[in-house]
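Undergrad: Read off the chains here:
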Amino acid sequence: MLGVLAVSGLGAFLALLLEIADTYIADYGEQHIFVNGERDLVVQGGKPLLFALGEHGIYLPSACGGKGTCAYCKARVLEGGGPVLPTETPYLSSQDLENHIRITCQVKVKETVRVEVPDELLNVRQYHVRVLALENLTPHIRLVRLQMPAASEGFRFKPGQYVQLEVPKYKSTSGPEFRAYSIASASHEPEVLDLVIGRVEGGAVSTYVHDYLKTGDVVNIRGPFGDFWLRDSERPVLLIATGTGLAPLRSMLFQIERDRIARSVTLFFGARTRDDLFFFEELREVEKRLPNFHFVPTLSRPAQGDAWEGEVGRVTRLIDEQIPEGAQMDVYICGAPEMVQSCMELLEKKGVPSDRILFDMFA
Amino acid sequence: MTEISAGTLFFAAIFTNNILLTNFLGLCPYLSISRDYKAALGLGGAVVFVMTFTAGINHLVYHQVLAPMNLEHFRYIVFIIVIAAFVQLVEMAVERYLPALYFVLGIFLPLITVNCAILGASLFMVIRAYTFTQAVVYGAGSGIGWMLAIGIVGAIREKIQKTSQLPPGLEGPGITLIITGVLSLAFMVFSGMIQIQ
Numbered sequence: 010m011l012g013v014l015a016v017s018g019l020g021a022f023l024a025l026l027l028e029i030a031d032t033y034i035a036d037y038g039e040q041h042i043f044v045n046g047e048r049d050l051v052v053q054g055g056k057p058l059l060f061a062l063g064e065h066g067i068y069l070p071s072a073c074g075g076k077g078t079c080a081y082c083k084a085r086v087l088e089g090g091g092p093v094l095p096t097e098t099p100y101l102s103s104q105d106l107e108n109h110i111r112i113t114c115q116v117k118v119k120e121t122v123r124v125e126v127p128d129e130l131l132n133v134r135q136y137h138v139r140v141l142a143l144e145n146l147t148p149h150i151r152l153v154r155l156q157m158p159a160a161s162e163g164f165r166f167k168p169g170q171y172v173q174l175e176v177p178k179y180k181s182t183s184g185p186e187f188r189a190y191s192i193a194s195a196s197h198e199p200e201v202l203d204l205v206i207g208r209v210e211g212g213a214v215s216t217y218v219h220d221y222l223k224t225g226d227v228v229n230i231r232g233p234f235g236d237f238w239l240r241d242s243e244r245p246v247l248l249i250a251t252g253t254g255l256a257p258l259r260s261m262l263f264q265i266e267r268d269r270i271a272r273s274v275t276l277f278f279g280a281r282t283r284d285d286l287f288f289f290e291e292l293r294e295v296e297k298r299l300p301n302f303h304f305v306p307t308l309s310r311p312a313q314g315d316a317w318e319g320e321v322g323r324v325t326r327l328i329d330e331q332i333p334e335g336a337q338m339d340v341y342i343c344g345a346p347e348m349v350q351s352c353m354e355l356l357e358k359k360g361v362p363s364d365r366i367l368f369d370m371f372a
Numbered sequence: 092m093t094e095i096s097a098g099t100l101f102f103a104a105i106f107t108n109n110i111l112l113t114n115f116l117g118l119c120p121y122l123s124i125s126r127d128y129k130a131a132l133g134l135g136g137a138v139v140f141v142m143t144f145t146a147g148i149n150h151l152v153y154h155q156v157l158a159p160m161n162l163e164h165f166r167y168i169v170f171i172i173v174i175a176a177f178v179q180l181v182e183m184a185v186e187r188y189l190p191a192l193y194f195v196l197g198i199f200l201p202l203i204t205v206n207c208a209i210l211g212a213s214l215f216m217v218i219r220a221y222t223f224t225q226a227v228v229y230g231a232g233s234g235i236g237w238m239l240a241i242g243i244v245g246a247i248r249e250k251i252q253k254t255s256q257l258p259p260g261l262e263g264p265g266i267t268l269i270i271t272g273v274l275s276l277a278f279m280v281f282s283g284m285i286q287i288q
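Chains A and B are the protein sequences, given in the same order.
No gaps in the numbering here: position 77 of the first sequence is 86 in the numbering used here, and each next residue is one more.
No gaps in the numbering here: position 137 of the second sequence is 228 in the numbering used here, and each next residue is one more.
Honestly, the hints are just simulated from the structure, not real lab data.
We put the beta carbon where it would ideally sit given N, CA and C, even for glycine.
Check each hint, because a few of them may be wrong.
Unchecked claim - Looking from chain A toward chain B, a few residues come up when the C-beta cut is under 8 Å (computed):
1) L11
2) A21
3) L25
4) L26
5) P95
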């Protein structure tokens with residue numbers, strides 16, 4: 010009994026010390042952030058710049074949720090950021106350093122900060138949206154359909170871009186968490202937004218989406234972000250995806266169909282088994298409607314009962330066999346980093362210039 | 092053990108009983124942050140600082156609070172709480188008042204909250220019945236020994252990265268553990284000089 014009391018007392022004493030320290034030492038008072046030399050924001054000091062800006066409706070892209078691992082939240086900090094931290098240097102080139110580019114989730118606002126934010130990001134907004142429907146596309150991949158505000162309220166995106174989905178605190182998290190997901194639906198119907206979310210073992214947001222999210226729930230999304238969108242050109246298009254990487258490419262396909270883009274379009278879609286091959290029927294339908302579109306699914310490990318007669322192997326095998334040397338084409342790749350990396354190497358070996366390859370890695 | 096002088100103990104903690112190379116404690120930050128020399132020394136500095144102070148504080152807590160109340164069996168949990176609270180306090184204070192130091196050491200502080208070498212130093216000092224002065228000296232010596240080891244390995248790894256190609260299977264932790272093994276053998280040479288166990 011005495012032991013429990015003594016240890017609890019010691020714990021309470023240390024907690025009190027920390028609480029006092031938190032109130033007096035970690036209090037940086039109110040600080041000002043000047044955005045693009047115009048807007049003057051007043052924030053509680055001590056917070057990461059990324060979140061301080063977010064509180065005032067300026068949302069920089071971020072895929073990792075402020076953990077300093079994706080480096081999407083780069084911005085130019087002209088004053089008040091303190092020295093560049095060792096947690097930032099791996100993500101900053103010497104050119105970035107010269108231009109005062111910082112990783113804003115690592116920069117804490119302890120004094121007046123002057124920051125430059127690209128104009129298009131000032132248009133990024135947060136939306137409270139309702140979940141219209143949930144559908145399990147495969148045992149591990151879920152389609153989340155969101156009801157967006159009317160088009161007149163201005164949510165516009167380019168096919169291929171992504172949004173940040175925020176889920177509330179639940180059993181496995183200590184606060185709201187957000188992650189980036191590509192938009193899988195058509196840009197000309199922005200009132201309904203489809204996200205395709207794969208379950209990540211231990212993933213804070215994907216676990217919530219798979220186990221807790223219900224139709225009718227309200228969630229926050231911010232966006233749109235990203236420069237992975239279809240560039241104008243006359244060359245044939247090659248789309249490569251594995252798993253949930255299909256999402257942004259599906260949106261691009263809708264754009265190609267609606268805008269009657271006459272370029273030849275090929276989609277290599279890699280999955281493990283037939284069960285993992287979602288949107289299969291839909292893509293076959295698109296293929297029937299669009300004569301210039303070829304859908305080439307491939308299974309890396311077809312199961313016994315799949316009765317699969319299509320391609321077998323990874324997407325890299327398709328590139329190896331079906332793409333001629335020196336092919337003139339624009340390539341869009343989306344999926345796991347290792348897949349993107351090996352596709353790029355293979356394509357460059359085949360003589361496709363690297364500036365014609367665009368990719369989006371799902372880390 | 093009271094016959095060991097502070098100077099001898101300090102030397103022993105660094106060389107003959109190097110906490111990393113003879114006890115193999117504190118390996119996880121050691122494996123991950125030893126890629127470059129500078130960062131390794133930064134982390135090492137943070138370990139020296141935390142180990143010296145927590146060995147002293149834990150000595151006081153153990154002998155002034157736990158022992159008189161016969162609560163020695165709580166030492167693990169108490170030591171861990173004390174170390175965690177100390178690290179957090181220091182981090183806050185350094186970030187606020189010594190930005191230059193925070194820049195060098197600060198970001199490593201949270202990494203070593205649960206470093207087993209630090210808990211290990213506190214536990215060894217209890218097992219070996221050190222006096223307060225001995226405990227502080229032992230903490231400082233062990234910290235410096237740890238810093239020395241990670242510094243050496245950091246420098247070797249940096250050199251390897253720049254000058255040679257490793258077989259893929261050996262990259263990262265693989266080569267680090269091999270270097271550590273060789274270093275550990277090298278440090279065994281010191282062991283005949285003094286024994287403190």
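Undergrad: Now look at each hint and say whether the structure bears it out.
TA: Checked hints:
no.: 1; hint: L11; verdict: 6 Å, holds
no.: 2; hint: A21; verdict: 11 Å, violated
no.: 3; hint: L25; verdict: 10 Å, violated
no.: 4; hint: L26; verdict: 7 Å, holds
no.: 5; hint: P95; verdict: 6 Å, holds
In this structure, the hints that do not hold are numbers 2, 3, in rising order.
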